[in-house]
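Order-wise, the sequence lines are chains B and V. Number 72 in our numbering belongs to position 72 of the first sequence; there are no gaps in the numbering. Number 1139 in our numbering belongs to position 139 of the second sequence; there are no gaps in the numbering.
Check before you lean on any hint, since a few could be wrong.
As the list claims (entries may be wrong) - Derived lysine to aspartate or glutamate pairs resembling EDC-like cross-links, with alpha carbons at most 20 Å apart:
#, chain 1, residue 1, chain 2, residue 2
1, V, K1162, B, D126
2, V, K1162, B, D163
3, B, K43, B, E68
What the hints assert, rightly or not - Taking beta-carbon pairs under 7 Å as the criterion, some of the chain V residues facing chain B (in silico):
#, residue
4, H1020
5, F1026
6, V1068
7, H1069
8, L1105
9, I1108
10, I1150
11, P1160
12, P1166
What the hints assert, rightly or not - Computed list of chain B residues with no C-beta within reach of chain V, every gap over 10 Å:
#, residue
13, A17
14, A65
15, D139
16, P165
17, K183
To be clear, the hints were calculated from the coordinates, so they are not data collected in a lab. Even glycine gets a Cβ: it sits at the ideal position worked out from N, Cα and C.
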Amino acid sequence: MTPWEIEAKELVNCNCAWGCPCQFNAAPTHGNCEAIGAYQITKGHFGGVNLDGLCFITTFWWPGAIHEGNGKAFVIVDERADEDQRAALLSIISGENTEPGKTIWNVFAATISEHFDPVFEPISIDIDVEARTGLVKVDGLIEMKGEPIRNPITGDEHRARIDLPNGFEYAIAEMGSATGTSKGPIKLDLKDSYGQFAYLHLGTHGLVR
Amino acid sequence: MGYIDWKIKGPKIGACSCEHGCPCEFNGLPTEGICEGLEAQRIDEGWFGDVRLDGLLFAARFRWPGPVHEGRGTVQGIIDKRASEEQLDALGKILGGEEQEPTTLFNIYGSTIETELDPILSDIEFACDFASGTGGFEVPGVMALELEPIRNPVTGAPHPAKIVLPTGFEFREADMASSRFNASGELAFDRERRYGMLTYAAYGPYGIIPEESSPHVTG
């Protein structure tokens, strides 16, 4: 296994309600899972390949709960990545070079039955985890906006966090609201649904603590 | 205007009809449209003016026809039958939202209640173990709650999860659990594998007292 490690900022938008029941091993709000994830690596490497500053986006669709399988996956990789960096990122996102079950991508890999060919595009990502705001854009393919959840009565920002001590994606995630569209081979139209902001620190053996 | 000085502090457990993790904690809509459930707290340390409340237990069962904030709820309180007249009066005032700000837990939930059933005086058996993520309570013959860890649907391994609400009015941090609960009588229900939570909470006239609640204190 090639050792790798990345620190990244993440914004995820899925079709579940705010707080996404799947974080607690419950069934998805609307019966199935559709999700866009945007990642900006602040620091990372894959063997001797430097991954600092690179971005990628994942889009997923499952007909039911994720663990029931039959999912589809489509990945967009930062066009600034050179050939080695592209191969490295695709390996990580495919769940390769990873201890089984230890990263979200390795877990998801077992649930995907259709992979679309990745594309390499300019990706614009601006995420502020503390403020729970984010803007993501890939021309013609992805638009996503994240914002704080608001109190239904007062309109005030509602700050909430989920901590998963044994998580395979994050240890701490700030909860938000997000709206996103995907026009690639997986077409998604998500509105004011689950938004997740987190700092990820993942590697060959899973969460780096 | 000042309030009579009071505090209740101790482990608190609860459950509702939502999925594990309850969307309402995130201002989402309840999983099944309605909200029903039950909760209990043990007072490790408590007083109301000169009246000590240490060691007493109280519980409640509740139902709202929609999301809690839309109101029209029904609630019934259960008070430890060991409580003296003075203690009963004190707990009645605290749980009824008297001698406290309008923004406390008891007043926020209270503002959503339309029907209050006569309280029950009873023994209450109570357990809460943060280390194993288990607990429960029973009002004999009336209602019972059991909490156990959430489990991974594939591997069966326990799935520890916490919800953290930095400005929460009920808890600042709660351990998530899977609940099984039932109740008979006017507010009857019977559910399993639903939202459950364990927390340690201190409340006073100005609401939750964070430095004496989870995660700073867990008993």
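Now the hints, each set against the structure:
1. With a C-alpha separation of about 27 Å, the suggested pairing of V/K1162 with B/D126 is violated against the 20 Å cut-off.
2. A C-alpha spacing of about 5 Å is found between V/K1162 and B/D163, which places the hinted pair at or below 20 Å, so the restraint holds.
3. Taking the CA atoms of B/K43 and B/E68, the gap is near 33 Å; set against the 20 Å cutoff, the hint is violated.
4. The criterion of a C-beta within 7 Å of any C-beta in chain B is met by V/H1020, whose closest approach is roughly 4 Å, and the hint holds.
5. Look at V/F1026: its Cβ gets to within about 3 Å of chain B, closer than 7 Å, so that hint holds up.
6. For V/V1068, the shortest C-beta to C-beta distance to chain B is roughly 10 Å, which exceeds 7 Å, and the interface hint is violated.
7. Below 7 Å, beta-carbon pairs count as interface contacts, and V/H1069 has one with chain B at about 6 Å; its hint therefore holds.
8. With 7 Å as the threshold, the beta carbon of V/L1105 stays out of range of chain B, its nearest partner Cβ sitting at about 15 Å, so the hint is violated.
9. A distance limit of 7 Å between C-beta atoms decides the matter here; for V/I1108 the minimum to chain B is near 10 Å, and the interface restraint is violated.
10. For V/I1150, the interface hint holds, since its Cβ comes within 7 Å of a Cβ in chain B; the closest pair sits about 5 Å apart.
11. A least Cβ separation of about 5 Å between V/P1160 and chain B falls short of the 7 Å threshold, and the interface hint therefore holds.
12. Interface restraint check: V/P1166 against chain B, minimum CB-CB distance 5 Å, threshold 7 Å, status holds.
13. Some Cβ of chain V comes within 10 Å of the Cβ of B/A17; the nearest lies about 4 Å off, and the non-interface call is violated.
14. The beta carbon of B/A65 is not kept farther than 10 Å from every beta carbon of chain V, the shortest such distance being approximately 8 Å.
15. With a closest Cβ-Cβ approach of about 32 Å to chain V, B/D139 is found to remain outside the 10 Å limit, as its non-interface label requires.
16. Distance check for B/P165 against chain V: the nearest CB is about 5 Å away, which does not clear 10 Å, and the non-interface claim fails.
17. Its beta-carbon lying about 27 Å from the closest one in chain V, B/K183 satisfies the requirement of being farther than 10 Å from that chain.
The structure fails hints 1, 3, 6, 8, 9, 13, 14 and 16 (numbered hints given earlier, in ascending order).
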